[in-house]
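Colleague: So the chains spell out like this:
Protein chains: 2
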Amino acid sequence: MSAHFVDRLFAAMRRVGNPVVVGIDPRPEELPPGFLERFPADQSGVAAALGQFGREIIDIVATHVALVKFQSAFYEAYGPPGFVALHETVEHAKRMGLIVILDGKRNDIGSTAEAYARGYLGKVPIGGSFEPCWNVDALTINAYLGTEGVTPFIKVAARENKGVFVLVRTSNRSAGDFQDLVADGKPLYRHVAERVRLWGQSSLGQEGYSLVGAVVGATYPTQLAELRAALPKVLLLVPGYGTQGATSLDIASAFDDDGLGALVNNSRGITFAYERPAYLARFGDDWQGAVRQALQDMIDDLAANTPAGKLRV
Amino acid sequence: MSAHFVDRLFAAMRRVGNPVVVGIDPRPEELPPGFLERFPADQSGVAAALGQFGREIIDIVATHVALVKFQSAFYEAYGPPGFVALHETVEHAKRMGLIVILDGKRNDIGSTAEAYARGYLGKVPIGGSFEPCWNVDALTINAYLGTEGVTPFIKVAARENKGVFVLVRTSNRSAGDFQDLVADGKPLYRHVAERVRLWGQSSLGQEGYSLVGAVVGATYPTQLAELRAALPKVLLLVPGYGTQGATSLDIASAFDDDGLGALVNNSRGITFAYERPAYLARFGDDWQGAVRQALQDMIDDLAANTPAGKLRV
Chain X
1 MSAHFVDRLF
11 AAMRRVGNPV
21 VVGIDPRPEE
31 LPPGFLERFP
41 ADQSGVAAAL
51 GQFGREIIDI
61 VATHVALVKF
71 QSAFYEAYGP
81 PGFVALHETV
91 EHAKRMGLIV
101 ILDGKRNDIG
111 STAEAYARGY
121 LGKVPIGGSF
131 EPCWNVDALT
141 INAYLGTEGV
151 TPFIKVAARE
161 NKGVFVLVRT
171 SNRSAGDFQD
181 LVADGKPLYR
191 HVAERVRLWG
201 QSSLGQEGYS
211 LVGAVVGATY
221 PTQLAELRAA
231 LPKVLLLVPG
241 YGTQGATSLD
251 IASAFDDDGL
261 GALVNNSRGI
271 TFAYERPAYL
281 ARFGDDWQGA
291 VRQALQDMID
301 DLAANTPAGK
311 LRV
Chain D
1 MSAHFVDRLF
11 AAMRRVGNPV
21 VVGIDPRPEE
31 LPPGFLERFP
41 ADQSGVAAAL
51 GQFGREIIDI
61 VATHVALVKF
71 QSAFYEAYGP
81 PGFVALHETV
91 EHAKRMGLIV
101 ILDGKRNDIG
111 STAEAYARGY
121 LGKVPIGGSF
131 EPCWNVDALT
141 INAYLGTEGV
151 TPFIKVAARE
161 NKGVFVLVRT
171 SNRSAGDFQD
181 LVADGKPLYR
191 HVAERVRLWG
201 QSSLGQEGYS
211 LVGAVVGATY
221 PTQLAELRAA
231 LPKVLLLVPG
241 YGTQGATSLD
251 IASAFDDDGL
261 GALVNNSRGI
271 TFAYERPAYL
281 ARFGDDWQGA
291 VRQALQDMID
301 DLAANTPAGK
311 LRV
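Chains X and D, in that order, give the protein sequences. Just so we're aligned: 64 in this note's numbering is position 64 of the first sequence, and the numbers increase by one with no gaps anywhere. Just so we're aligned: 296 in this note's numbering is position 296 of the second sequence, and the numbers increase by one with no gaps anywhere.
Everything labelled a hint here was simulated from the structure, so no lab data went into it. It cannot be assumed that every hint is accurate.
Identical chains share a label here; the pair holds if one copy fits it or two copies do between them.
[As the list claims (entries may be wrong)] 20 Å max Cα-Cα, derived SDA-like pairs, lysine to any residue:
| hint | residue 1 | residue 2 |
| --- | --- | --- |
| 1 | Lys-186 | Gly-176 |
| 2 | Lys-155 | Asp-297 |
| 3 | Lys-123 | Gln-43 |
| 4 | Lys-233 | Pro-221 |
| 5 | Lys-233 | Ala-158 |
| 6 | Lys-155 | Ser-174 |
So here's chain X without its partners, still in its complex pose (with noise of 0.2 Å):
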């Protein structure tokens, strides 16, 4: 860990030569056929299933990518046995090398942000000493709160070579119920994405890029490509690709020049690839294949439509 985020980051994109995040959202109803069935009826069977699923697809895609994204939401559904199995999860993606991003969205003030920080980023007091818990690599949150709800988060961060990536423009169709509300002169994720560059200035890497990062829809590629221009060191977390409809071609415009810059989230698009038709009629009931055919698939495409071919030399 005695690198800065962002380069660990980098050189792990460099090493496997794509911007993928593979994202694992664990809805139990879209578990492949047969998998809950494997596990008790139960809230304990269940969290077990969510687990087994994530380790099953971190064991597929960890050679091929530097990154997996954790939706927190799946797991709290399911109380402290879902925690267990989040907990167990996370544990298993680091053993396999890969870089862990927990999607919580978290945001709170002062103290109460600095426990989520050390929670989630750094270490929290037990005994004499303090220990990591989570110790995931990067944590989104959302800024609404200012400035108090934001530079707790990255004070931790920077200590222990961590990442945050704060909301700032979302994927989703209502997105712009606030964010594209215009004061003085430009939308609130202008405003948002300002005070981004300005909470990471102190926090640069070798690679110039800050540790703290902006999440922002492939699904508005005009507003991506402001957005990169106007943050040009500042790392994108892009969701949207594939079935919320955005294409590589929407995100292209997420790079820098040397094809990083941005990082690519699939969840559902890869994880439960075997739903698709093209992939159900190809692999049936073999939805690792599936997995494994949408991942590669979508490193193809990326490579072969955005900056992001860069990394593959």
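We have chain X; now place chain D onto it with these hints.
Modeller: Relative to the frame of chain X, chain D by itself:
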């Protein structure tokens, strides 16, 4: 659970005669002297201490107030054992007849938001049926993602007779960084407030109040009065009393003519009252006595200086 959330809530507030929410934010560093030392000096031990502290607080306050609010961050920071402690403490609060708010400020979209909503407020799929998992009465949420980030919570809350509280104007100093930006002639927090009013219109209880409440800090009394007027049948959850500097006079405008419509939270000021010089001088090592007295003092203060006094009759 057969009555609308606000109807149940108002009945409970009339029964106890006050609008106080005891906030349980178990910072390990602030536990009474010697408390942590009763538990093993490891992650599970600290988590168990947080659970025990919450349960002892509940035993002191349960006959005096209608609600408690748990700050999720302090439990989450200790990983799966922290969630076990939170779950056990929530269960204890419900057994003691308290209405439980989970302060998690959750936010996401679509089926992910639905997973949070089902998990915390509703029921999750297990085997062929649906079962409650956390089963709290209300959850705080953050609306930065727009309507799609809020309606899944409202839908589940409506079905289950639960409530949500949307962050509108928070109590911290930097709240205005984004919340005060003026678009179309009014600040962002008023745009969020207007949506809160609209989102709640189809879910009114017999008291005329909506299940969609708003978080509005007591530390901005002018805006609190303004929002009470703008949102006449929206429940306000008001943090900031006491430790954060707001007084009962600042909060008086948050209530409706019946002394209802507002919930006043106090966390540290009650649970860690033993740290405050006045209570320390009087109670010394008896931290439970300090809790009891600080709660009574707050109840009396609100009764004397706000319309909530009407609840006492």
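Colleague: Run every hint past the structure and note whether it holds.
Modeller: How the hints compare with the structure:
Taking CA atoms no more than 20 Å apart as the test, Lys-186 paired with Gly-176 passes in both settings, with 13 Å inside one copy and 17 Å between copies. Taking the shortest alpha-carbon separations for Lys-155 and Asp-297, neither the intra-copy value of 38 Å nor the inter-copy value of 37 Å comes in at or below 20 Å. In this assembly of identical chains, Lys-123 and Gln-43 lie within 20 Å of each other by CA distance solely across copies; the values are 11 Å between and 29 Å within a copy. In this homomeric assembly, Lys-233 and Pro-221 come within 20 Å of each other (Cα to Cα) only inside a single copy, at 19 Å, whereas the closest approach across copies is 40 Å.
Within a single copy, Lys-233 and Ala-158 get their C-alpha atoms as close as 16 Å, which meets the 20 Å cut-off; across copies the closest is 44 Å, which misses it. Taking CA atoms no more than 20 Å apart as the test, Lys-155 paired with Ser-174 passes between copies only; the shortest distance there is 17 Å, against 32 Å inside one copy.
Figure legend: structure checked against the earlier numbered hints; the only hint not met is number 2.
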